[in-house]
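K.L.:
Line by line, the protein sequences are chains A and B. Once you know that position 27 of the first sequence is 126 in my numbering, the rest is easy, because the numbers rise by one and skip nothing. Once you know that position 118 of the second sequence is 140 in my numbering, the rest is easy, because the numbers rise by one and skip nothing.
Fair warning: there could be bad hints in the mix.
As the list claims (entries may be wrong) - Part of the chain A face toward chain B, derived, beta carbon under 8 Å:
1) Val194
2) Arg208
3) Phe209
4) Leu214
5) Met323
6) Gly326
7) Leu350
8) Gln374
9) Val401
10) Ala403
As the list claims (entries may be wrong) - Which bits of chain B does chain A cover? Going by a derived footprint, with three or more residues having C-beta under 8 Å, they are:
11) 149-160
12) 177-187
13) 341-347
The hints are simulated quantities; they were obtained by calculation from the structure and are not laboratory data. Think of the CB as a built atom: it goes at the ideal place given N, C-alpha and C, for glycine as much as any other residue.
Spelled out, the chains give:
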Amino acid sequence: MSALSAILSATMLAQTLRMAIPYACAGLGGVWSERSGVVNIALEGILLSGGLGGVVVHVATGSPWAGVVAGAAVGAAIGLLHALIVVRGRVDAIVSGLAINLAAVGATRFVLRALYASSSNSPPVEGFRWGGMGGASGAALLARTVTDPFALATAVLVAASAWALMQTRFGLRVRACGEGPVAAASVGVDVSRVRLLAVALGGAICGLGGVALAYDQHQFQSGMSGGRGFIALAAVILSGWRPGRAAAACLAFAALDAVQIVMQDQARGVGYLAQMLPYLATLVALWAIARRRGEGAIEGRVPAGLGK
Amino acid sequence: MSERTRGAALATVAGLAAGWLALALLVWLYGESPRGVVADLVAGTWGMPYGVGQVLYKATPLLLTGVAVDLALRAGLFNIGAEGQLAVAGLAVATVASRLPAATPAWIAIPAAVAVAALAGAAWAAPPAILRARYGAHEVISTIMMNRIADAVVGFALVGGLAIPGTVRTPEVVAGAHLPRLEALGMQSMRGSAVSLALPLAILVALFAAGWLARSRIGREVVLVGLGPIACAAEKIPVARRLATALMLSGAVAGVASIAPVLGYKGYFESGLGAGAGFGGIAVALLGRGHPAGLVLAALLFGTLEQGGLVINGRVPMEVTTVLQGVVIVAVALADARVRSALLWRRTA
Chain A
100 MSALSAILSA TMLAQTLRMA IPYACAGLGG VWSERSGVVN IALEGILLSG GLGGVVVHVA
160 TGSPWAGVVA GAAVGAAIGL LHALIVVRGR VDAIVSGLAI NLAAVGATRF VLRALYASSS
220 NSPPVEGFRW GGMGGASGAA LLARTVTDPF ALATAVLVAA SAWALMQTRF GLRVRACGEG
280 PVAAASVGVD VSRVRLLAVA LGGAICGLGG VALAYDQHQF QSGMSGGRGF IALAAVILSG
340 WRPGRAAAAC LAFAALDAVQ IVMQDQARGV GYLAQMLPYL ATLVALWAIA RRRGEGAIEG
400 RVPAGLGK
Chain B
23 MSERTRGAAL ATVAGLAAGW LALALLVWLY GESPRGVVAD LVAGTWGMPY GVGQVLYKAT
83 PLLLTGVAVD LALRAGLFNI GAEGQLAVAG LAVATVASRL PAATPAWIAI PAAVAVAALA
143 GAAWAAPPAI LRARYGAHEV ISTIMMNRIA DAVVGFALVG GLAIPGTVRT PEVVAGAHLP
203 RLEALGMQSM RGSAVSLALP LAILVALFAA GWLARSRIGR EVVLVGLGPI ACAAEKIPVA
263 RRLATALMLS GAVAGVASIA PVLGYKGYFE SGLGAGAGFG GIAVALLGRG HPAGLVLAAL
323 LFGTLEQGGL VINGRVPMEV TTVLQGVVIV AVALADARVR SALLWRRTA
């Protein structure tokens, strides 16, 4: 099969959807956090820790569902920690995020070695397996992907986040804290509490993405987040901090990821070049956003109280 | 000692104490005795001449990347890209230094190699610098993306002809480009450790950077832009250009960090050589508080932890030291915020 026909196939579409799940979860985490006014580069570390948390509990209990709960809980805990350090401790959000990412890299390897005597990967896990829809054809793969619990959950979470952010009382408060923390406080909103909740909620969703990533590979590998948290953050900025558009941008990055995987099977040199596609695209996207912002096109969409 | 310095010292001590507790806790959770592990760590680093040499060797690139991150930080920028700048520069240095005429004397080869490293590092910092200065795109994400792109580009270049065929390493640099090790310069006791002339060079760079920021016109402007870009713009200081200067200079210094492993230790570049020093430099810069002595002490601390991690790896995973870096960064920043608000409160009261 030529590279082009491989790219334009049902298999490819399935791959793209599958790869988009961790991106989209991290992106939603970023939207919740940054809409409340807390810059969150800790998404990368949350993906990693959430993934490990999920796998550890899955291995220990044998239940993939328990792993999902654990991954979300770990994500929420780290999100809460980040928010506490930034909101209550008044530490620069970039510094806190960097430290959390650094500690997550070390801590996941530490835990891997402590539990499984290997600092590179966990034992294999089953993840979710749907019976009755076997077959190796592209269409069968696509059907399996769309009915995967993580894919369904992500779709629901995107819609629910968009609705909750715009239509619920909590969402309104989150946006108020992100747009004008002082004004929000003056009408009786407990700004730091809302921010803690929003970042923890975002952390839980992001942790879920980490579990999806690990189940997809049927094991946890150290460093497996591979920069996805940062790319998701770029998608958030690109989307103007809106859940639906952020998920769409994540889908685009995931498509590049899928292309990259197909191209890796080509000649070795080409594989290296393909490897940098998602990162290069992120740079170009950043440039495009910044240029538009320079022309005043998206200034109005940046949460005005972000980082304040 | 001024009130500010005393506050910074207090915050550092508090941060280190928190790091210490975290280390003890992790070691204890792993089922080892914290006391025994720490004793091993100290004995394997500062307790023997070889260990001291290795600590100094590990501290050398950390000091340079620390200075690099600090330079950007002074302008209010986070250079998370030192990792990629170092890798690209390492490859560039080894490639150029291995193709010099075999008889090139050291006084030409070494300055040339340092210049190549600086240029390559600055070049790798240029896209984020332009994106930030010209378009206002946040440098944190762009420098991280450049790290990932560096991985791919270095891998591609090695496979694509810069490496010895069938390996992932470049040919050996010419004899004149090797940085002499300190053991060869009369410091016999450090035999076997890779500490080289790169260490005094790194200290010189740290002093020079501090002097440049404090005394030169452009350096002062960089610091002022970091303190208040809007006021600077009102004073007709070219803010965008100073931001770009700071980030590219930061990249240049991060590039120079590659000479410690490439010219001082291996004599060639291989995939992954020097990895980790870029991120370590962030910790060094945050702990060093923009003072050359602070940066040297912070580099020594994290160099000790890096070497110490290898020493204790048999008993507890060496990754505890990475966790420790994160804990120390947060704890010092938290203590700093406390001290700052206390000082502010006292001044207004």
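K.L.:
For a quick check of understanding: which of the numbered hints are violated here, in increasing order?
P.N.:
Numbers 4, 5, 7, 9 and 10, in rising order.
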